[in-house]
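Trainee: Chain by chain, the residues:
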Amino acid sequence: MSEATQTRETSARGLALTLLALLVLAGFSLTMRFVHIGAASYFVGLGVAAIKAALVVVFFMEILVEKVTVRLAFAVCLSLFALLIALVLADVLTRSVPPLQNPPGSAQRYRG
Amino acid sequence: MAEQVAGHFESLPRQAHAARLGMWIFLGTEVLLFAGLFVLYAAYRTEHPHGFAVGVENNTVVWGSVNTGVLLVSSYTIALAVHELRRGKQRACALLVATTIFLGMCFLAIKTGEYLEHFRVGLYPGGVGTFYRDHGEAGTKMFFTLYFCMTGLHAIHVVVGTAVLAFLLTKVLRRQISERAPHPLAIGAIYWHLVDVIWIFLWPLFYLIPGGNP
Numbered sequence: 018m019s020e021a022t023q024t025r026e027t028s029a030r031g032l033a034l035t036l037l038a039l040l041v042l043a044g045f046s047l048t049m050r051f052v053h054i055g056a057a058s059y060f061v062g063l064g065v066a067a068i069k070a071a072l073v074v075v076f077f078m079e080i081l082v083e084k085v086t087v088r089l090a091f092a093v094c095l096s097l098f099a100l101l102i103a104l105v106l107a108d109v110l111t112r113s114v115p116p117l118q119n120p121p122g123s124a125q126r127y128r129g
Numbered sequence: 773m774a775e776q777v778a779g780h781f782e783s784l785p786r787q788a789h790a791a792r793l794g795m796w797i798f799l800g801t802e803v804l805l806f807a808g809l810f811v812l813y814a815a816y817r818t819e820h821p822h823g824f825a826v827g828v829e830n831n832t833v834v835w836g837s838v839n840t841g842v843l844l845v846s847s848y849t850i851a852l853a854v855h856e857l858r859r860g861k862q863r864a865c866a867l868l869v870a871t872t873i874f875l876g877m878c879f880l881a882i883k884t885g886e887y888l889e890h891f892r893v894g895l896y897p898g899g900v901g902t903f904y905r906d907h908g909e910a911g912t913k914m915f916f917t918l919y920f921c922m923t924g925l926h927a928i929h930v931v932v933g934t935a936v937l938a939f940l941l942t943k944v945l946r947r948q949i950s951e952r953a954p955h956p957l958a959i960g961a962i963y964w965h966l967v968d969v970i971w972i973f974l975w976p977l978f979y980l981i982p983g984g985n986p
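Read top to bottom, the protein sequences are chains A and B. Just add 17 to wherever you are in the first sequence, counting from 1, and you've got my numbering. Just add 772 to wherever you are in the second sequence, counting from 1, and you've got my numbering.
The hints are simulated quantities; they were obtained by calculation from the structure and are not laboratory data. Do not take every clue at face value.
Cβ-Cβ distance ranges computed for the label pairs, FRET-style [as the list claims (entries may be wrong)]: (1) Ala938/B / Leu40/A: 53 to 59 Å; (2) Gln776/B / Gly44/A: 43 to 49 Å; (3) Ala107/A / Gly794/B: 43 to 49 Å; (4) Gln776/B / Leu40/A: 15 to 21 Å; (5) Leu95/A / Pro897/B: 46 to 52 Å.
Okay, the calculated bits of chain A under chain B, using three or more residues with CB under 8 Å as the criterion [unchecked claim]: (6) 32 to 41; (7) 49 to 63.
Positions of the beta carbon are idealized from the N, C-alpha and C atoms, including for glycine.
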């Protein structure tokens with residue numbers, strides 16, 4: 018039995034539809050670049066990016082048809098990435114004391 | 773000649789699974805390599821939202837967006853190449869892999885042009901250049917330093933991905949990779965998709981999000 022017959026890969030039509038969705042989402046992101054929505058642009062820009070990345074991972078990289086060991090490796094990687102970002106943001110977004118303008122060890126300290 | 777089963781594997785599907793698992797774990801390390809830089813970006817953007825907004829406003833959004841289209845289409849062509857190979861369409865597969873390589877080279881050419889445009893306006897890596905005389909906001913130097921680091925590291929990955937695909941193309945042309953065992957091309961394609969996924973996040977962070985205080 019060939020390897021190909023054992024996998025439920027994305028069809029050619031599915032691949033084309035995925036590309037179409039990716040290009041439409043990219044167009045939407047680009048349009049939103051010129052619409053001033055303030056802080057919401059973070060959520061729109063990164064939210065659309067996350068959807069596009071999910072489309073690539075699911076339909077192009079075919080993560081859902083991989084065995085559980087591969088999916089587990091992917092999940093661990095994603096979790097560590099999310100944990101790293103979340104903990105750093107939790108730190109920098111909740112600081113009440115601004116960072117030093119001239120911290121010890123910086124070159125500026127020795128300019129006299 | 774089609775790929776043979778190595779002695780320590782009981783079957784070709786099991787060997788293919790081991791290869792794919794190895795590639796996914798490697799991709800995990802690649803993601804965590806970029807994660808450190810994404811964290812730096814998040815921390816500095818939180819400290820200097822205005823300086824980063826100035827950086828986004830002065831970046832080359834047209835070329836960055838064209839490159840996004842190039843990479844998205846290249847992801848499609850390599851996915852389709854694997855699809856065709858699984859159906860035994862060796863010639864179509866080779867053509868699609870070659871197209872992907874061409875698109876990767878287009879991406880690098882555009883990126884080079886972008887860097888040259890930055891240098892022309894006096895914008896160099898490391899916060900050096902005449903550009904900062906007119907844009908002295910705190911954080912703008914850090915924005916472009918991260919921009920050169922992250923897009924440069926990404927470009928290195930595009931070079932590696934292109935070289936890997938060129939190697940795989942020669943194997944496809946010699947029928948050393950065929951429908952019987954398409955996994956070498958499939959795992960090469962997965963690497964290329966990761967390069968695409970990373971750019972999908974770099975594009976909004978450096979070209980699209982003018983922001984405001986989060």
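Trainee: Taking a Cβ-to-Cβ distance below 8 Å as contact, does the segment 49 to 63 of chain A have at least three residues touching chain B?
Mentor: holds (count 9)
Trainee: Look at the Cβ atoms of Gln776/B and Leu40/A and judge whether their distance stays inside 15 to 21 Å.
Mentor: 41 Å, violated
Trainee: Honestly, do Ala107/A and Gly794/B meet the 43 to 49 Å range at C-beta?
Mentor: 34 Å, violated
Trainee: Closer than 8 Å Cβ to Cβ for three or more residues is the test here. Does the segment 32 to 41 of chain A pass it with chain B?
Mentor: holds (count 6)
Trainee: Take the C-beta atom of Leu95/A and the C-beta atom of Pro897/B, compute their distance, and say whether it sits inside 46 to 52 Å.
Mentor: 30 Å, violated
Trainee: Could you see if the CB distance from Ala938/B to Leu40/A stays within 53 to 59 Å?
Mentor: 26 Å, violated
Trainee: At the C-beta level, are Gln776/B and Gly44/A separated by a distance inside 43 to 49 Å?
Mentor: 47 Å, holds
Hint compliance for this structure: hints 1, 3, 4 and 5 are broken, all remaining hints hold.
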